[in-house]
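Number of protein chains: 2
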Amino acid sequence: MQKPSIPKGTRDFTISEMVRREYIFDTVRKVFKKYGYSSIETPAMENLSTLLGKYGEEGDKLLFKILNSGDFLAKADISFIKDQKTNQFALEISKKGLRYDLTVPFARFVVQHRNDIKFPFKRYQIQPVWRADRPQKGRYQEFYQCDADIIGSDSLLNEVEFIQLIDDVFNELNIGVSIKLNNRKILAGIAEVIGTPNSLSEITTAMDKLERTGRTGFEEELISKNIPKEAIDELCSYIFTGKQSFISADYTNEDKIKLLESWLLDSNIGREGINELKEILTILSSSNPNLIIDLDLKLARGLNYYTGAIIEVKADDVELGSLCGGGRYDNLTGIFGLPDVSGVGISFGADRIYDVMEQLDLFPSEVTTSASLLIINFGEKEQIKCLKIIKEIRKAGISAEIYPDTIKFKNLKKQMDYANIKQIPYVLFVGEEEIKIKKFTLKNMNTGYQEKLSVPELIEKLQ
Amino acid sequence: MQKPSIPKGTRDFTISEMVRREYIFDTVRKVFKKYGYSSIETPAMENLSTLLGKYGEEGDKLLFKILNSGDFLAKADISFIKDQKTNQFALEISKKGLRYDLTVPFARFVVQHRNDIKFPFKRYQIQPVWRADRPQKGRYQEFYQCDADIIGSDSLLNEVEFIQLIDDVFNELNIGVSIKLNNRKILAGIAEVIGTPNSLSEITTAMDKLERTGRTGFEEELISKNIPKEAIDELCSYIFTGKQSFISADYTNEDKIKLLESWLLDSNIGREGINELKEILTILSSSNPNLIIDLDLKLARGLNYYTGAIIEVKADDVELGSLCGGGRYDNLTGIFGLPDVSGVGISFGADRIYDVMEQLDLFPSEVTTSASLLIINFGEKEQIKCLKIIKEIRKAGISAEIYPDTIKFKNLKKQMDYANIKQIPYVLFVGEEEIKIKKFTLKNMNTGYQEKLSVPELIEKLQ
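Just so you know, the sequences run in chain order D and Y.
Residue numbers for the first sequence follow the numbering used here, beginning at 3 and rising by one.
Residue numbers for the second sequence follow the numbering used here, beginning at 3 and rising by one.
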């Protein structure tokens, strides 16, 4: 018989992994709720017509498609096979796909339920998504996203509150992070003032690699993308002040804003971006004076649907990509026919957060996997008493187990091993003598200390 | 543009539905944990080799298959298309499928992780499953199961504890239910003593329909299944005592057991089943004297993998099928090469439980969707103060929102409407005057009562 296995890129989560994952989900969920976000869920399977074309050509290839049920060939045009048109044939035999993220299903949800929704609409959603990426370390075909969005409000207070929310989540998890902020309008302003408004994406890509490539590599890349020499020169005259790059972390936010204000003076969209940035920073400096925001002009996050603020969070003490990202989008629901609804959203990456916490040993020791108490099962006579005791204990909200098998052939050790391996902190002995005196021996498995307690004393002790 | 929609048989869950669903999941989860069960998760996608052949021919047809990624036709033998062998061709182009239940993935998990698992192994699992059933009212293609299993122990204490656990869950949810119990060995014993040990499935199916068909229909059905006349006569001589059917609810458990003891005297397996049943009932009568168990000899639950106790739960006050079911299986992991591991498991159907609670109006009124407080947003000046106040409130663990947009064109009504529709119970006014005297007006949205409170007083009030 073949050894059972699971598909590459998917994972089982064992008990010890689950308690840690749930610690992260519970923390994120608690903070979402504290900020007034409520949960929705959407189905794992969406119509392919909902998903296709929303993630670019590359994204379309990464969608998991579900084979139609029944005689799926009967209605299919199999001429596509002869013509080797695999993609077209795929659409002949599959109408549904697994969701690729939570953002497009959310946009679909908002449009579909628009008449039942009160705007501004605040929702969070914690569900798995699926991508047919080549599996590799830290990249999975099935993983969870934790998203919160507010849609139907263009107030910058939403950006401020999301930054506060992010700060709260990582404080609760005890992860040191830097919160990076940028604004798509500033990037557009830069592209505008250097005379290449249509090369925004090429400029951002080159800026993103700047720390690795240096000035020479930066210029070479832009030349290779056919950006005119004068535009590159202007860009460089602002970006490089002496030997240092102005967009690096060595400059203060104030320095960067001051320089941008003179540089982007003639760009409406650029000035708008700067003003938004300034307002967010002003409000934050008043409400959260200790919170440090890293104004990162390289930050673009793919650019595909952000229209205003762009937010990204990285761990301070470990190189692991971004733990959280988001931003303002002005037309998310436009793809489904509901234009002009502005929103802000963020997404936490539970898997990366898990990896950071593992690497830095940040999971609190209280995060354990098991019941608080194991009652040793001496035999059928004592078992009845055990059941009565455990009923009281569980009624008090304490998690407890009885070892299901009775002690045969002196296998007490087996029961104690069970408690040890499951890291159950207390073990209770309900023997003949104990039943007589109505006091039961409680053993602390960490210290070895034993004491005789009545049931009410026991409950008090365990609570 | 096409109106966005989701596949038939799938559902979106809106905010008000989610809080109710989460109330059910949280209750079940809490009780699972109190009984010492810990959570695992398995991937949505399993290898088809894991799933196929485990649910019968009908089940195989209901598996959702996932199209292989990339050029799935390149490696496929397309001669199956010409020969119209749709099922074989499906396996040429799909290697993965969505899980159909949580039981087979659990068996796969146990075998795959056998070296890391400490037996007896107690796990719970709350995840969606997918079935390509024809969608109809109350039957979905994607739905959640809530399973708990203990594997690696043949003690009847496990059956007892599961019955207690079921009782706890439905008490917590405030749903009146009857818990039905049977034993596969008794059914096997009956088939044995009437001389038709291989017709167990036919006999059980006929018994299951007895209340509708009556004695005549019952006999006709068995004749049509080629059960010998003498066997049917013996069956009927025991089942029908006078006008009533012995297997109906009109007889006490004691009556039923007494009759079975004489009837199945010559069947080893039958006697074993009776003894198991008696032991479970004896222990329960001592630990849970008020718990009523309905010994239901018709109960079979498909029979496919149960080998001992069979458990089923139905709502008392509404006809809605079973809310929970389970039983003892002796060879679940055998299909994956790990024989002789006995276990017991149960599964709660969250959707049916939801429907019962809706119909009987059992959701507690505290199950609400929203933040406890909305702070009215008067303007940019007051906003800063609002942010400081809300930070304190959230720090105290209270869920609160600021209306993100400021009051323009006297739209206070819009903000109050928002609180009303979201059923936010309190609204706070942070106006110029309030900021001066450091007391803020809190309005109870249900009673209309207003009072001026300092921030600490406010927090105390809301906690």
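It is worth saying that the hints were derived from the structure and are not from the lab.
Hints are not guaranteed to be accurate.
It does not matter which identical chain is used: a pair holds within one copy or between any two.
[To be verified] Derived lysine-lysine pairs resembling DSS-like cross-links, with alpha carbons at most 25 Å apart:
1. K280 to K445
2. K35 to K63
3. K424 to K32
4. K416 to K35
5. K397 to K35
6. K120 to K415
7. K260 to K445
8. K139 to K97
9. K393 to K316
Status of each hint after checking the structure:
1. Taking the closest pair of Cα atoms, K280 and K445 never come within 25 Å of each other, the shortest separation being 61 Å inside a single copy and 34 Å across copies.
2. For a Cα distance limit of 25 Å, the shortest separation of K35 from K63 qualifies neither inside one copy, at 35 Å, nor across copies, at 41 Å.
3. Within a single copy, K424 and K32 get their C-alpha atoms only as close as 28 Å, which misses the 25 Å cut-off; across copies the closest is 19 Å, which meets it.
4. Only between protomers do K416 and K35 lie at most 25 Å apart by alpha-carbon distance; the minimum there is 22 Å, versus 44 Å within a single protomer.
5. For a Cα distance limit of 25 Å, the shortest separation of K397 from K35 across copies, 12 Å, qualifies, whereas the shortest one inside one copy, 28 Å, does not.
6. When the C-alpha separation of K120 and K415 is checked against a cutoff of 25 Å, the pair qualifies only between copies, where the shortest distance is 14 Å, while the shortest distance within a copy is 61 Å.
7. For the identical chains of this complex, K260 and K445 are neighbours neither inside a copy (67 Å) nor across copies (44 Å), given an alpha-carbon limit of 25 Å.
8. In this assembly of identical chains, K139 and K97 lie within 25 Å of each other by CA distance solely across copies; the values are 22 Å between and 31 Å within a copy.
9. For the homomeric pair K393 and K316, the shortest alpha-carbon distance between copies (24 Å) is at most 25 Å, but the shortest distance inside one copy (47 Å) is not.
Comparing the model with each numbered hint stated earlier shows that hints 1, 2, 7 do not hold.
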